[in-house]
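These protein sequence lines are chains A and B, in that order.
Note that the numbering used here gives residue 255 to position 255 of the first sequence, counting from 1, and the numbers run on in steps of one.
Note that the numbering used here gives residue 135 to position 135 of the second sequence, counting from 1, and the numbers run on in steps of one.
Derived by calculation from the structure, the hints in this document are not laboratory data.
Please note that the accuracy of each hint is not assured.
Okay, the calculated bits of chain B under chain A, using three or more residues with CB under 8 Å as the criterion [said to hold, decoys possible]:
| # | segment |
| --- | --- |
| 1 | 95–103 |
| 2 | 107–120 |
Capping the alpha-carbon separation at 20 Å, the derived lysine to any residue pairs in SDA-like fashion look like this [as the list claims (entries may be wrong)]:
| # | chain 1 | residue 1 | chain 2 | residue 2 |
| --- | --- | --- | --- | --- |
| 3 | A | Lys79 | B | Thr57 |
| 4 | B | Lys232 | B | Asp242 |
| 5 | B | Lys246 | B | Val227 |
| 6 | A | Lys79 | B | Ala76 |
| 7 | A | Lys79 | A | Arg164 |
| 8 | B | Lys19 | B | Ala58 |
| 9 | A | Lys79 | B | Asp55 |
| 10 | B | Lys19 | B | Glu33 |
| 11 | B | Lys19 | B | Asn41 |
| 12 | A | Lys79 | B | Ile56 |
| 13 | B | Lys199 | B | Leu134 |
| 14 | A | Lys79 | A | Gly3 |
| 15 | B | Lys226 | B | Leu244 |
| 16 | A | Lys79 | B | Ala12 |
| 17 | A | Lys79 | B | Ser74 |
| 18 | B | Lys232 | B | Glu33 |
| 19 | B | Lys226 | B | His121 |
| 20 | B | Lys246 | B | Val228 |
Predicted model, so just to flag it, every value in this text is computed and none were measured.
Beta carbons: idealized from backbone N, C-alpha and C, even for Gly.
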Amino acid sequence: MFGAVELGLIYAFVGLAVFLAFRVLDFPDLTVDGSFPLGAAVCAVLIIAGANPWLATLAGMAAAACAGLVTAFLNVRFKILHLLASILTMIALFSVNLRIMGRPNIALLTEQTILTPFYGLGLRDYLVRPVFLAALVIVVVVGLGLFLATDFGLAMRATGANPRMARAQGIATDRYIYVGMGLSNALVGLAGALFAQTNGFADVTAGVGTIVVGLAAVIVGETILRFRGLWWALIGCVLGSILYRIAIQLALSSGSLGLQPSDLNLATAVLVALALVLPRLRKGGMTA
Amino acid sequence: MIRVENLSVTFAAGTPLAKRALDGVDLSVAPGEFVSLIGSNGAGKSTLLSAIAGDITASTGRVIIDGEDVTRQSTARRSRKVARVFQDPLAGSCGQLTIEENLAIAAARGAPRGLRHALTHQRRALFRERVGSLGLGLEARLHDRMALLSGGQRQALALLMATFSRSGVLLLDEHTAALDPGMAEFVIDLTRRTVSEHKLTTLMVTHSMRQALDLGTRTIMLHEGKVVLDVKGSERSGLGVDDLVKMFRRVRGQTLDDDALLIG
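Whenever a hint applies, use it, and build me the whole structure from the sequences.
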């Protein structure tokens, strides 16, 4: 169960990132499938090369932010459909990630990570990672919540909610799309870097399905906490991500369902589809 | 205050569907003037407003606001000088944001948007006072999401938002057309108060001849992208709705004749 919570906390950053892109900016961004392993790859390569793990993590975030900027650039500058622009970046990143790593997989098990200093501080080893991750999640949630309530943050929300009104109110919407997409992918890169360090490896295929997992977190969060304002939406992303992991683990470990680990993607897709359909069924009828 | 020189806008230029929406319009609006714009569908009224606001870029000609040539400026940049209220009540605000958040977005217009909290005590107090002056009781609902309000309430707030940060120019695009009669009257009244209180230079598109003559100081009729009537002062005050309708029919009749010739 600690494993599920830990993974849920790592993917909470993806959930928050997807919330930022899909909900705040109204920009369906699939870049994340590439920027997650990009964050992991950059971080792992730098750690292997002897860099400070914190700097390596920041570098992973910065690289992922650049990936987000590329997608935003394709969309804003060349008017490529956002979905397609993000798919192009995602596909390109697979090659980029292989180049960065030089091989499909890098092991970090014996290396120093940002977690190393926290072992042996009295906390039991299996608690160190969840507690550390939870603290980081709280910092990011508070930071995002405060950010979205600033003049700059409100302008970003208006950009996604009503771009015509935003421009009429003097908001240069393009600029906010760049910043938002950079920020969103930086969070995904952070998740990738943390994943690599807590699991002890970086892998080019680790990003497959990241977007669906992030969406699952957002949608599960929205289903349990409806329309209660920004803070609850952010908290919902975190809770959604953890609940999703627990649900998946229960489904896969209960032998009665006959599921095996390779069914994970199918189970995720079904879960997201259910979360999307249930509110509609609850409203009575599928006519809408 | 607003000067439009030889302004032409052609949609789908260079294709068989090319449509000349504005055809060499010259117009000069003095500071504080309140112009009502009328004309049939497709006459170019909304296009003229959009060209001044920046949503549409002129094919030829210039737009000068407050002495500055803004022809190539983006909508966002022009918003320092120009505020706008749309026909669609949903277009002027963000439904998923609260009333006070929408007001804060408008209050920051024309200033750099930084990382300070948007809803300071100062701003909240200002919002309560200004929203209270509308007399709609909305000052008690500043935390409500905009989507919960009626079209009329949203339009009244959009008008209020337009006066924040004193833009100087106000563009109204049939801003009462989507409202029920009672609320439309309220918004018209509010428009009159707002424009005179803030001494705004105003361009208002309307389909109502009555409204065109009742409100404002000058009336302009567009037809097929050209100014066909421009009256103010005593000449305007002597006009009745009937006269306007007659003129309206006359310019439209001309095109009918033209069409008849073409078909014949």
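Quick rundown of the hints versus the structure:
1. 95–103: Three-residue rule met by the segment 95–103 of chain B, so holds; n is 4.
2. 107–120: holds (count 10)
3. Lys79(A) <-> Thr57(B): holds (18 Å)
4. Lys232(B) <-> Asp242(B): The given pair, whose Cα atoms are some 17 Å apart, holds under the 20 Å limit.
5. Lys246(B) <-> Val227(B): Given pair lysine 246(B), valine 227(B) holds - Cα atoms ~16 Å apart, limit 20 Å.
6. Lys79(A) <-> Ala76(B): Given pair lysine 79(A), alanine 76(B) holds - Cα atoms ~19 Å apart, limit 20 Å.
7. Lys79(A) <-> Arg164(A): holds (16 Å)
8. Lys19(B) <-> Ala58(B): holds (13 Å)
9. Lys79(A) <-> Asp55(B): This hinted pair holds, its Cα atoms lying about 17 Å apart.
10. Lys19(B) <-> Glu33(B): violated (30 Å)
11. Lys19(B) <-> Asn41(B): holds (14 Å)
12. Lys79(A) <-> Ile56(B): Judged against 20 Å, a Cα distance of about 17 Å means the pair holds.
13. Lys199(B) <-> Leu134(B): Judged against 20 Å, a Cα distance of about 18 Å means the pair holds.
14. Lys79(A) <-> Gly3(A): violated (42 Å)
15. Lys226(B) <-> Leu244(B): Distance of about 17 Å is within 20 Å: holds.
16. Lys79(A) <-> Ala12(B): holds (18 Å)
17. Lys79(A) <-> Ser74(B): The given pair, whose Cα atoms are some 17 Å apart, holds under the 20 Å limit.
18. Lys232(B) <-> Glu33(B): Given that 20 Å is the threshold and the Cα spacing comes to 10 Å, the pair holds.
19. Lys226(B) <-> His121(B): violated (49 Å)
20. Lys246(B) <-> Val228(B): Roughly 13 Å between the alpha carbons, so the hint for lysine 246(B) and valine 228(B) holds.
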